[in-house]
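Put the two chains together into one complex, using the hints given.
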Amino acid sequence: MRLRLVVDLDKCVGCNACAIACKQWNTSGTSGSLTDYRPYGPDPSGVFFNRIRHYETGLYPESKTVHFPMSCMHCEEAACVTVCPTGASYKREEDGIVLVDPEKCMGCNYCAWACPYGARELDREEGIMKKCTLCVDRIYDENLPEDERKPACVMTCPTTARYFGDFDDPFSDVSIASKKREGQELFPELGYKPVNQYLSPRNKVQINQHQVNEPKQVKKVKDWVNKVVEL
Amino acid sequence: MSTKQDKISFKKDAFSKNASTMPKFEDHGNQTQKNTTCYMCACRCGIKVTLENNKIRYIQGEPTHPVNKGVLCAKGNAGIMKQISPARLRQPMMRKPGAERGTSEFVPISWDDALDMLTDRLKKIRETDPKKLAFFTGRDQMQALTGFWAQQFGTINWAAHGGFCSVNMAAAGLYTTGFSFWEFGDPDWDKTKYFMLWGVAEDHASNPMKMGINKLKERGGKFVAINPVRTGYQAVADEWIPIKPGTDAMLALSLVHVLLKNELFDWEFLVRYTNAHYLVVDTPREKGDGLFYRNKKGIPQSWDLDKNKLVNATDAKIKPALLGKYKAPDGTPLKTVFTIMTERYMSDEYIPENASKICGVPAEQIEKIALELAHVAFKESIEVETEWTDWTGRKHDKFIGRPVSMHAMRGISAHSNGFQACRAIHFLQVLLGSVDCPGGHLAKPPYPKHVAPAIKPGKNIVPGQPLESLPLGFPSEPEDLAIDDEGNPLRIDKAYSWEAPIANHGLMHMAITNAVAGDPYEIDTMIFFMANMAWNSTMNTSKIRELLCSKKEDGEYKIPFLVVCDAFDSETVGYADLVIPDTTYLERYDTISVLDRPISEPHAICDSIRAPILEPDRDVRPWQTVLVELASRLKFPEFTTKEGNRKFKDYKDFIINYERQPGIGFLAGWRGENGENSLVGKPNPNQWEKYIENKCFFEYELADNQKYFRGANKDYLEFAKKSGFINSTDPIIIELYSEKLQKFKLAGMGLYDGPQPKKERDQFRLSRFFDPIPEYYIPLEHRCTFSKAYPFYAITQRPMFMYHSWDSQNAWLRQLQAHNYMHMNKEKGEELGIRDLSWVWVESNTGKIKVQVKLMEGCQEDTLWTWNAIGKQKGKWGLSEDANESTKGFLMNHLINEHLPCADTGNPVTNSDPITGQAAWYDLKVNIYPAGDDEQFGVYPNFKADAKLPGSAESPDVLRYNTKKPVRLSRSIFDILTKGGFEK
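So the protein lines, in turn, are chains A and B.
Numbering of the first sequence is given in the numbering used here, commencing with residue 1 and proceeding in unit increments.
Numbering of the second sequence is given in the numbering used here, commencing with residue 1 and proceeding in unit increments.
In isolation and in its complexed conformation, chain B is listed as follows (with noise of 0.2 angstroms):
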């Protein structure tokens, strides 16, 4: 038998022999490596860069890095062909004089003049009226920074992209859980048994759910895919279910109809850790039901089974009612949480039957897959052994795991019912007891926080001075709204109004249309930064397209001074007064943080920055600097003495030197004036030093006795609390029932002591959707178009290789794909007459565009899909004027309008989640039909090319990119001679 002795030396042997024969293909001696941190999407790998001749050799995975372990996905490999990008903004730029918006008609500026000219006009605003700037930042890694700059400022309209991204995903996490999917939580990969993916395109987050897979895989753990869709990750799933799009919350909850109906579900976990036995005033149509029955300290109350009588909820100790109705000593009556959900989802609505025909899934198939689940979960159960000891005091020898693990993202979040959908995907995990257990879904330090996080949405807008809170917040009741006394939204995108009152991420989508209209008020000037609000972050594209360069009578612009910042020519660029050009993710310092959107894994708290690679060789300013530029010299408080002087040198001297609260700033680790605090500890003047040092990232795990249960975890709680995540020790009560959404459906009915919608139409949205428990109602769009008329769904995705990498048309990425395909079932586009790769038009209620057709097997009858945001303006990204991106490419954005169509017109209202805000992109429904015998090439609309950017760099016609001369390897002319070929 073979030792492990034999195989290391076998394998040795036989390398070393042939690599002695090898010439020297790398100059080592020649080379450098750097650490920093990816940014070709949002997933933050740790990448490991080498250097030759002072370009770019090889970037690849930091084999140390907690988020990718060594891998890296195809963007990450062609960070290359973004550093050499020709669309890299080259110098500050202002529009011609005379020339007009959208044209791409520039001047270089200096930097001295361009800002200057920034410092005076916010200046002037921020001391009459700071709500007349609006700051939207796209997909940015540092709204820690930005949104904190906002607030300093004082503007009240402040927001990142979340709220046309994933915002529903979100709140929907942190109203109910505490923590939520992706950024603040994850599938605990190394245990679980059982991965169900719902409506995940191809991506987010890129590398550690490839990485999961695989694990999952080697592990023989079954993975479901639910999605219309079968491409990307749906292609390995063991079972794909094509769905129809928006029916989600359906399927989760006749899969708990399931559960509950064959008294499937985890008792104890329901007790211990959620408010499932609260007891819920029962006084229909009347102040104050559906509000939880509070004693006269407000603590809401629960039933001893003991005892018989009503006792604090929240005590340790007590032996709660689950099931039943009762009465208050004052006679109002009773009933708990868990009585109001079997009620609701035991009734014959979520009936597998029922449920099939709304989400076009077989109710046996419904059936099965509730059973596997239960299955999994409580005779599959694993048990870690670890002595820990919850909150109540109670002592535990083992932490038990539900292996049942679930991922969510877009394709549940970008409907008007996803914030209710992606709850139900929530009870369906808390029912099975899989919240962040051994094998379950994980939290993410410095999540879970308490339900829902403390900082409430800022909206005390006073000249001159910073805004009392953060922008954005988490409302619990309608007196947190942003409104006047009228009712009236105070921010642009009317976030936390009643058209949208828990937008924790704002609207962005609606910012341009909001501040044309004047509605709610004119503002001054609006920032972009890292956002293609031009193009394809942007619904109805040709309408905003316009808007941005529409007029007031007096010939001013009505939105007076747009401010465009980003690395490279985007089609948001032409359209700038002023342009403030970045730096590439490779030329400077960035902080990932745990302030943040932290990179942490479930058991360690992790945070990351980028440190230069590469020297800029343009006249390019990291946006961060400028921000920091800026706040110094429009002396924001935090930015400054009380002497009045400027308090910090740069971006850097910041990073290290400012502190939220005493020892807490925005890096984490090497903390203290040595380096020797972890966590929390006063500044280090070396701190970026010692992060470079160690890779660029910052790791601190957790002890094992802190790893699971953290909501009810004594240990945990108390050390979350001394590290600045939480703000007090009580246990982390998840929320099944929402007593925050009732308050606004109360507020809806008129049944609120407080403020209360005036208008009809927010009336009836916050009392048909704000529902305590989540419920499917199918999404608004859907409800207002007729369906004759508009008979299928569409629906967008980003390619694996693309997917969150916005900055440019990539060399090596546009090969794998320069254009799009409207996709469609095969069975149905033959049905109708259309052949694969024909032009078709289709339509919808806002616009139509004319595309290429590609038919499949692998996507639900009612479905039409493409590939997002591969659609360019002619010459924009570096592109020639015939590239494939505009002749070929099309976006879906021009059919999806940002108001709904069946509102009263005077009076419109967004197309988004009536309770987050969240853009409703995925609800859009159209039509499709053959295009002519004449129309069958091009796209439909094309938009010209715009000017030329002054001292933009040309684009190579062929390109041949290395760092050094190949050192080649020669056959000799013995082995010719010897061997020839084969037939020798």
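Excised from the complex, chain A in its bound form (with noise of 0.2 angstroms):
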């Protein structure tokens, strides 16, 4: 299996409903808490599994605002994994999902470093690193609605422009999505093999124009005759 998730940015609308249910779920979950600084006082910040950037491209008014959700991208050659000293990072081999084992991580740091997506958060409480697990402690619990066994992300957004599943399953919702509308992943030049893959803003929707009656005149009111209509 390889487990991903493949993000619509021709659907995403910037809502932050996906960080807010990562952290949601995750602050109770197999990684909790996740520590939050300063929650009322100044630069408030915390460890948050799923980001949203926000950018433009192109000059006014042809600019374009682009939302873009980061989160791990569970890598094929995950550099994060290949620096950690203590084995505490690992990717498995049953489904691909990055993990970090909380009990052998010591927080240095390094894997932080590595990646080049962002995606590791240092719990300075508990001195130890944390990121996203994909839910896995949602997408196998049976004791789950099955069509709730998906990552919180996935579930809770509005636009739907996340799709979870594994691409070794060609009938999967992200085999699919990526086969329509050509998913890429983010820095493939790197050589880390980004699993998680995004969909491009697609092109301007062209509608036809009603054909008009050359040379379009304004009509004067007294040549228009009126057409019996029954009430």
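Hints listed in this document are in silico derivations from the structure and should not be mistaken for laboratory results.
Virtual Cβ for every residue (Gly too), placed ideally from N, Cα, C.
Check each hint, because a few of them may be wrong.
[To be verified] If you only want the chain B side, here are some residues facing chain A, beta carbon under 10 angstroms, derived:
| no. | residue |
| --- | --- |
| 1 | 21 |
| 2 | 375 |
| 3 | 379 |
| 4 | 395 |
| 5 | 674 |
| 6 | 879 |
| 7 | 968 |
[Unchecked claim] With beta-carbon atoms standing in for the labels, derived distance ranges:
| no. | chain 1 | residue 1 | chain 2 | residue 2 | range |
| --- | --- | --- | --- | --- | --- |
| 8 | A | 54 | B | 13 | 37 to 43 angstroms |
| 9 | B | 827 | A | 54 | 15 to 21 angstroms |
| 10 | A | 193 | B | 614 | 45 to 51 angstroms |
| 11 | A | 193 | B | 970 | 36 to 42 angstroms |
| 12 | B | 518 | A | 37 | 18 to 24 angstroms |
| 13 | B | 758 | A | 225 | 43 to 49 angstroms |
| 14 | A | 225 | B | 347 | 44 to 50 angstroms |
| 15 | B | 31 | A | 37 | 24 to 30 angstroms |
| 16 | B | 957 | A | 148 | 33 to 39 angstroms |
| 17 | A | 193 | B | 957 | 24 to 30 angstroms |
| 18 | B | 364 | A | 54 | 27 to 33 angstroms |
Structure, rendered in structure tokens:
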């Protein structure tokens, strides 16, 4: 199995539902707590596994605003695993999820420096590194209704911009979406083979214009003839 | 080839195999799940809440709920942080004896004392002069109860927040099509092919809008966004139109122009469903001009093309002329409504070239969009094969749909020309025939209603007696105004006066200013529920904060007694004389009623409840419980038995047993003694339990033949009458031409047989702005602001993850944004020597603020904008005094005046739409310039911190929320030894 997320940038409106759903599920989940620092003070911050970047491309008035959710890519060649000196970081053989064993992590930050996607989050209170688990504590929980065995971010997304599934399964949502829309990896040139993919904003929808009689002249009301329509 | 069976087993096998190796992460045996309705914003999504160890493990969208179908936004997902907010009020409090108002110096009091104090005070007011109580509620979701309470009290001075929110949208819809945007209407997301989004910031509605955009995109439909700023929804639009603020009416009417000049409109729709063929008296500057020509029975007339004579315009089977000028038998010159429309909209004023100069939208683009709309409406029309019967009895074998839909909100409404702008957008929909048809703009029951809804504003104030009607209603002529014989306003906010005749939601934004000025009279007690009137919900915040503390010569406050009911320590709480602490949304019973602002979907009547998830851990009570208690103590007629005893035990009992008319109460589901009836039926003692069993909502789907053209659909009209939604089965005729507005216009011109305004200013406003068909006019503040001194438009929006989420500065959500910037177009900023992230002064004719600027591409060149309501007063909302919200966050409100700058002194007039009284927040014009080198940090103005509330919770420095010790997943030593890292 190769589990992954596919994110549709054509539909992401940057609402942060996925980021907060992730926070909510995981703070009481296997990685919990997800510590918050200065939650009511200056420059509040905290452990988040999924963050939305916002940026603009092009120049006004042709500029485009892009909302870009980013979480662990669960790379095939995960540099964070390679650099881990204690063996705490690992990529599961069964499903490809990259995880951190909290018992073995000493919070040295090597993995955070190695990760080009900024997906690692140090919990300073616990002194260990945390990250997206693809909600490993949801997706295999057979006591949850089958429809809910998905990452929290995917379940909650109001625009259905996030898909989850097994890329080895040709019928999974992610395989279908990726094939249909030519899913792309982020920074493939770095060689880490990220498993998550993005679907680009699609081309503008083109609509035909109603044919009009040329030359376009303002008709005078008196030229019109009443049509008979029965009330 | 693979079969469906293969697909399922493949997926199941792989997951099951892995699942068997996993630890038991969740202790489901120790968890319970309950449903309720979200209240993190106004969408009212269904939520399923998992509890563990008496704490909230998880809040998720309820998959079967009609509003959100399982999804949930950022706010909904952050409900836990609201529930544990240190800003929660903990007990009733009164202002400390001797302490000044506005300092948050309080002493706790018991509920008994608080209720006694309030009862005594209210009793005196009710028995002497009930209007001396002004009761204003914020974004409350139980206006059916609060309005009813005010009516029973007998005060005319009640309103909710609609006057400063979006009354223009509601009013324009209800005075045109009989339904409106958002709560009373929705795009047909399942069928629409072309969607235009007008002036919608990040939200409103939240999840339904996002779910709809997904559906549109899956279908390959086009999405056009009209907005000066490209964030949020605009980001994923196929076409973004950066319009100049306040000019949308011009754009809409120029689109109308292009459609008309090319004869691209739905002729049959206009004749059958609108008043386009009605004959209007054409006698300029004479009494009666512009009114419908009526027969002796008062029925409007049309010209029948077969009979060549006048006929009743409302009769079935007539063949009315849409166009033309005619003469009545008595010689009165007449012309059809549509003729009036063509004369105006085909004129040069509305040609795209002229519109372009005003809106900043290229003429070619206007032409193109209009022709695209026409193409989709008429060449890609859709059909739903269902037999249905129209009001004349004519059978149809299908519904024909024009799959163009629109949604519009704050960017249209928050201007002083917003009512007419919104009507202009409805005109566009009507010309395309895309109203309540497949793929178009659909009504949500109990709407549509007849234009305008039958309730008139109450105005008959009698001590000790209820008002004869609800305080808010729908005037249709000057006789309906709430004014005295001299023409002076009866209401403290001057709603339904000549200053704001069709103020259907009141003018809450004027209540404090007017009460302090004693204009039109002094009041005794003001109650604010869930409304932050000392901060972000008021115009001119600095001044209002002073006014709230201003005293008379004898030392008494000009507003003698101020009661604030809220669940959280807002800026307004600090000004209270009595604080009534409310519960959170997870701690109480609520109803979201069809009598109020329902959660219906276009094809289903829906309502819902809240049921408590947790017991409050503080000495707090739900406000609705308090209201029922007060109503019983004060012996309101509807709350008292014939014998003079208390009629309802509590709120729940009231909801079950109160009937507005026989069989109709607050909740529509499971009525009848055993829950056997829907919509209409006897009270059911187990109604609450039934709702809880059914995940806290009720959904009643319409039959297929009742789903479209409901204003003219016989079966629907009969159903709606039976259900108490409407009073008659007469067709609901779309009022393109508003004779109601014309009557006010005539009153302004001195040509009306009835009440007429005496002040020249009111005469001008009525005769100028009450146009019976919409027009573009320059917003009022722009007319009287020197544009060279204040060259920029300034507007606000709320980020999606905070929109309508008013209660607390949420610990998770504030990590996404703890302060705001003033945004502006990058090239424009650089032109003015303004650097990114530098500090600037922004100045209006009311005041100035110092803020940090952020340059961006996606912003119309003449527009400044910021995120609203992120700035907070130091120390409020449980935040520390150095929190970003008060050191860097700011409000634009300081720059916005509640009065128009050009009003003559001594005779101020509200900064609102002259028709509806909608607060004109977005009419603001400002100047911007760099702050000095020594001014490069810190916002201005800044407000000192209040005293800490007695018994308030400490805000932790570190928060580690969870409901249990986590079950960790370990890596086996075997795995480490055999695999190590990738470089093993």
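Right, here's what the structure says about each hint:
no.: 1; hint: 21; in the structure: 7 angstroms, holds
no.: 2; hint: 375; in the structure: 4 angstroms, holds
no.: 3; hint: 379; in the structure: 7 angstroms, holds
no.: 4; hint: 395; in the structure: 14 angstroms, violated
no.: 5; hint: 674; in the structure: 31 angstroms, violated
no.: 6; hint: 879; in the structure: 5 angstroms, holds
no.: 7; hint: 968; in the structure: 5 angstroms, holds
no.: 8; hint: A:54 x B:13: 37 to 43 angstroms; in the structure: 40 angstroms, holds
no.: 9; hint: B:827 x A:54: 15 to 21 angstroms; in the structure: 20 angstroms, holds
no.: 10; hint: A:193 x B:614: 45 to 51 angstroms; in the structure: 46 angstroms, holds
no.: 11; hint: A:193 x B:970: 36 to 42 angstroms; in the structure: 26 angstroms, violated
no.: 12; hint: B:518 x A:37: 18 to 24 angstroms; in the structure: 50 angstroms, violated
no.: 13; hint: B:758 x A:225: 43 to 49 angstroms; in the structure: 48 angstroms, holds
no.: 14; hint: A:225 x B:347: 44 to 50 angstroms; in the structure: 21 angstroms, violated
no.: 15; hint: B:31 x A:37: 24 to 30 angstroms; in the structure: 29 angstroms, holds
no.: 16; hint: B:957 x A:148: 33 to 39 angstroms; in the structure: 35 angstroms, holds
no.: 17; hint: A:193 x B:957: 24 to 30 angstroms; in the structure: 41 angstroms, violated
no.: 18; hint: B:364 x A:54: 27 to 33 angstroms; in the structure: 31 angstroms, holds
When each numbered hint is compared with the structure, violations occur for hints 4, 5, 11, 12, 14, 17.
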